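Colleague: Assembly of the complex is requested from the two constituent chains, each provided in isolation within its own frame, with the hints serving as guidance.
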Amino acid sequence: MSWLEKLMPSRIKTDTKPSDKRNVPEGLWTKCDGCSAVLFRSDLERNLDVCPKCDHHMRIGARRRLGWFLDPDSGVELGASIEPEDILKFRDSKKYRDRLTQAQRATGEKDALIVMKGTVKGNPLVAAAFEFKFMGGSMGSVVGERFIRGAEVSLRDNIPMVCFSASGGARMQEALFSLMQMAKTSAALAKMSKRGIPFISVMTDPTMGGVSASFAMLGDLNLAEPKALIGFAGPRVIQQTVRETLPDGFQRSEFLVEHGAVDMIVDRRDMRDKVASILAMLTKKPTTN
Amino acid sequence: MHLNFLEFEQPIAELEAKIEELRYVGNDTEINISDEIQRLESKSKNLTKQIFSSLSAGQISQLARHPRRPYTQDYIDRIFTDFEEMHGDRAFGDDPAIVGGIARLNGDPVMIIGHQKGRDTKENVRRNWGMPRPEGYRKALRLMQLAERFKMPVLTFIDTAGAYPGIGAEERGQSEAIARNLLVMAGLKVPILCTVIGEGGSGGALAIGVGDRVMMLQYSTYSVISPEGCASILWKSAEYASTAADAMGITADRLKQLGLIDQVIEEPLGSAYRDVDGMATRLKDALTENLDLLTAMSVDKLLDARYDRLMGFGRYKDLAV
Chain A
1 MSWLEKLMPS
11 RIKTDTKPSD
21 KRNVPEGLWT
31 KCDGCSAVLF
41 RSDLERNLDV
51 CPKCDHHMRI
61 GARRRLGWFL
71 DPDSGVELGA
81 SIEPEDILKF
91 RDSKKYRDRL
101 TQAQRATGEK
111 DALIVMKGTV
121 KGNPLVAAAF
131 EFKFMGGSMG
141 SVVGERFIRG
151 AEVSLRDNIP
161 MVCFSASGGA
171 RMQEALFSLM
181 QMAKTSAALA
191 KMSKRGIPFI
201 SVMTDPTMGG
211 VSASFAMLGD
221 LNLAEPKALI
231 GFAGPRVIQQ
241 TVRETLPDGF
251 QRSEFLVEHG
261 AVDMIVDRRD
271 MRDKVASILA
281 MLTKKPTTN
Chain B
1 MHLNFLEFEQ
11 PIAELEAKIE
21 ELRYVGNDTE
31 INISDEIQRL
41 ESKSKNLTKQ
51 IFSSLSAGQI
61 SQLARHPRRP
71 YTQDYIDRIF
81 TDFEEMHGDR
91 AFGDDPAIVG
101 GIARLNGDPV
111 MIIGHQKGRD
121 TKENVRRNWG
131 MPRPEGYRKA
141 LRLMQLAERF
151 KMPVLTFIDT
161 AGAYPGIGAE
171 ERGQSEAIAR
181 NLLVMAGLKV
191 PILCTVIGEG
201 GSGGALAIGV
211 GDRVMMLQYS
221 TYSVISPEGC
231 ASILWKSAEY
241 ASTAADAMGI
251 TADRLKQLGL
261 IDQVIEEPLG
271 SAYRDVDGMA
281 TRLKDALTEN
291 LDLLTAMSVD
301 KLLDARYDRL
311 MGFGRYKDLA
321 V
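So the protein lines, in turn, are chains A and B. All the letters of the first sequence, read from the start, carry residue numbers 1 to 289 under this note's numbering. All the letters of the second sequence, read from the start, carry residue numbers 1 to 321 under this note's numbering.
Take these hints with a grain of salt, some might be off.
Stated by the list, open to error - Below, in silico cross-link-like pairs of lysine-lysine (DSS-like), each with a Cα-Cα straight-line distance of 25 Å or less:
hint	chain 1	residue 1	chain 2	residue 2
1	A	Lys89	B	Lys317
2	A	Lys284	A	Lys117
3	A	Lys191	B	Lys301
4	B	Lys189	A	Lys194
By construction, these hints were calculated from the structure, which means they are not laboratory data. Please read these numbers as outputs of a predicted model, since none were measured by experiment.
With the rest of the complex left out, here is chain B (with noise of 0.2 Å):
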């Protein structure tokens, strides 16, 4: 069992670690086994393709909180340049589970507000798993604010696992923080677009998620619960989470599908982490071509649009119509 790789991944992880041990062997010998090391690599890309190609609803949901998969920052550091964290509420204190800032997307400048977990368990407890507190909603819509008032387009990157159910949380207004949330973005009079990268979870994710457009990474998710929160109450276990994720359809290509979301980015081969650059990249061309169409459009067209985007959200039968 290769630590780091997911349960489906372990064929991949396997042939990988037999080709850096030839790569180690063929550094000290003489012998030629470029050829030998091609022909695993290639085996490789097949085998992930084909591994790739077929993930359920809930291998989907462990690659969207894959040990390994980018963050945030990881993005914030290479899409952007002059990236200048803020932090704090002004009212209570600041929660790194939240990140933001204002820093220039290809020379303009820009708001950027994402969840962040992180790699190691130090990292994790100061970060708090990225479950945001009221104080990270509240700084967020303080930055929101400030990119209203200084006409800068909000981008916005998800990925949490929702927001954290404690007790000083709910005494400092959980439900509040996110519902404020919720309004003022739905009026704020400058472009919010909004990224899924990893885990939607919920109205944790749900309070920086209300935008002009939401895009999401082909491996990330979107639900109102998490799988497993979902099986335990309806099938009153957490083992039939996959069972739950597929019911659900959190996927990126479902959401898409159900015309709950705009746009699905692709991801490389083997999902984001297996190459972050390159995911950056991609990532980066979506962002770029969706702010160049939202910001040509007036600030009264953006909300009117907004709105009705808003209001379009639900399926059910009208008998009177």
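Chain A on its own, in the form it takes in the complex (with noise of 0.2 Å):
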């Protein structure tokens, strides 16, 4: 603040911090969250939300992915007519029924998961991919719902499963609800892998608590986008457990690769030609490359 504006009663002080351009229209520049450079919005969408300056991976709808992965108008929304329900009538600082509703008017989604049935490189799988603006992409009984609804399709079809992974974990305002669709999107998936159809888990970031300690952990190949976070718990609530400083990189992709949990790193721009080329070879295809 410079000495003049200190000077100023504050009443007609005007709020002029850099970041807050009132004369650009909103949404025509982006700034990367890796490097702080100011990106021109359609050049970034050009590059499926990846910096060009620094190949930071930003985060993105769940439609928005779905339709670069899936061939155009291949997608038929599965388990669309699911919409999320208040059973215990759960009140914290708000209500959850209130949460829900301006959740579902800040995305246009009904709750965090859409899964699709499509094509991809002309041949057929489900794609499944987390909304995390929706309550933080948090696992309660629709999003477990529609996997499952996904997984069916997958078995009765016999073709391959591709799950997008960005969520907090769990829905606390679902309580155990919320827990048991761990146990619930695991079971389908145990189902497939005893019939031998495919499920590949894409981790992008963030991938924590329960959704990843059930179906984003259980991929025939799991799969991670550079420098996601990735874990069980999180590194606040670690920190305060141990009371040690985390290693660098600590719950990143990069470390999960390391430690044997993620088998590689795939490029957001690669990920379409990865994935039909991996499918291709576990379903006996054709190469797609």
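Modeller: Take a look at the structure:
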């Protein structure tokens, strides 16, 4: 704050933080969280929301993700008719019902997981993606049910399933119902595994708690986007428990590869090719490359 | 303030201290005070009944982790014979936060797996306060698969605040260890009978909690996050733990109502630690009864029913129906 501004009475003071330029239309520019470069929104979108300067992978919404991943216009949504219910009449500082309404308005989605049947390079599959902006991608009854409806289509049509995770974990407002979704989704994967139907898990930033401790870690292949936070307990909880400084890069994708939890890190711009190629091999189909 | 008693148990503790004192005096003198002792004992019983008839979810969550509450090993000693404890995950180490091994229940071989807390600080350090690391869950997995090979039912006893949130635990794949157990338990070809005996803390509990039947002792709890954890995130202060406990519905009775567990096993007056033998008898009866039903089913039927049970979890609106 300059001396001149300090002298001004607060009523005439205006907020002029550098990030708050009012003359620029909203959404035209985006600042990279990785390198702080200011990027032209449409350039960024063309680059699948990966920073062209530092390759930082930004979080993206479920529908855009699936739109890029699936062949154009091939996706048919599964479980769209399922909507959340406030079974416990849960209320903290806000009612769960109100939180749901707010999240639905903000994202245009009914809940945090979108599942579609579609094709990738002509090969049919089921693809699921988390909408992180919907209550932190938290898993409640709807997420679990949509996941298994996807798995049921996989089983019925004998086609692979791919899930892009981005979640803080279980949804507290649905309490034990949420926890049980871990068992439910894993049971469906047990069935697929027994039938030899591939499940590929792609972990994106962040994949934590109940989601990482269930289907996200159960891929026939576990893939991860670069530098995604992946783990069971949150870094803050761990720090408070062990009272040590956490190692550099703790719980990031690279750390998980090093410790054997993830098969490979895949750049978002290579994701579609890579997954298509892997699935083609697992299902004995001709090469997609 | 009587140590080893919770705040709401203090009136009972005071009365009992008085009875003890009288007994002590009674031994020394010729005066017959047995009438007085009897009167106080019945008063204490009524008081306990009264206090325990209207416990809040927060109070029950305290009882579930009462320092005197019986742990897995206490039940193993009283319910089973021929227990042979088995150690290690064959890959990294042995985790004393989970005990497991083969034993006999009414003469029949079974596999036992349970969380184990310590009674004193030294034992708690060794058992990490009953919070398992990945090697604990992988030991459990090994024992379950062994049980499947030798066609023994699996009995699990759940009593943990949660899986341990530590650096090493993350490095060795805490998430994967839990997830793997969920997947394997869903398809294990022997009956699995789970009982929450104390704290059912989140994924760390569920990792040995997927089965054909899930029972809870009356004053145990089962939740997606501890009331303190929930309160500190949603209410921004752990002081709201009891409000959070209420909101989440973590008690046996509430979870039975919601259809999330199958059976509540009633505890003796004043909760399990007041009569551990009595509690063990009730638990043994429930285990025997349920196991008889499960072992009578064919493997296919058992697995179908388990799958349907798991698929039934969740409440949502389906506009297509």
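Colleague: Now tell me if each hint is right for this structure.
Modeller: Here's how the hints hold up against the structure:
no.: 1; hint: A/Lys89 x B/Lys317; verdict: holds (15 Å)
no.: 2; hint: A/Lys284 x A/Lys117; verdict: holds (20 Å)
no.: 3; hint: A/Lys191 x B/Lys301; verdict: holds (15 Å)
no.: 4; hint: B/Lys189 x A/Lys194; verdict: holds (13 Å)
Hint violations for this structure: none, all hints satisfied.
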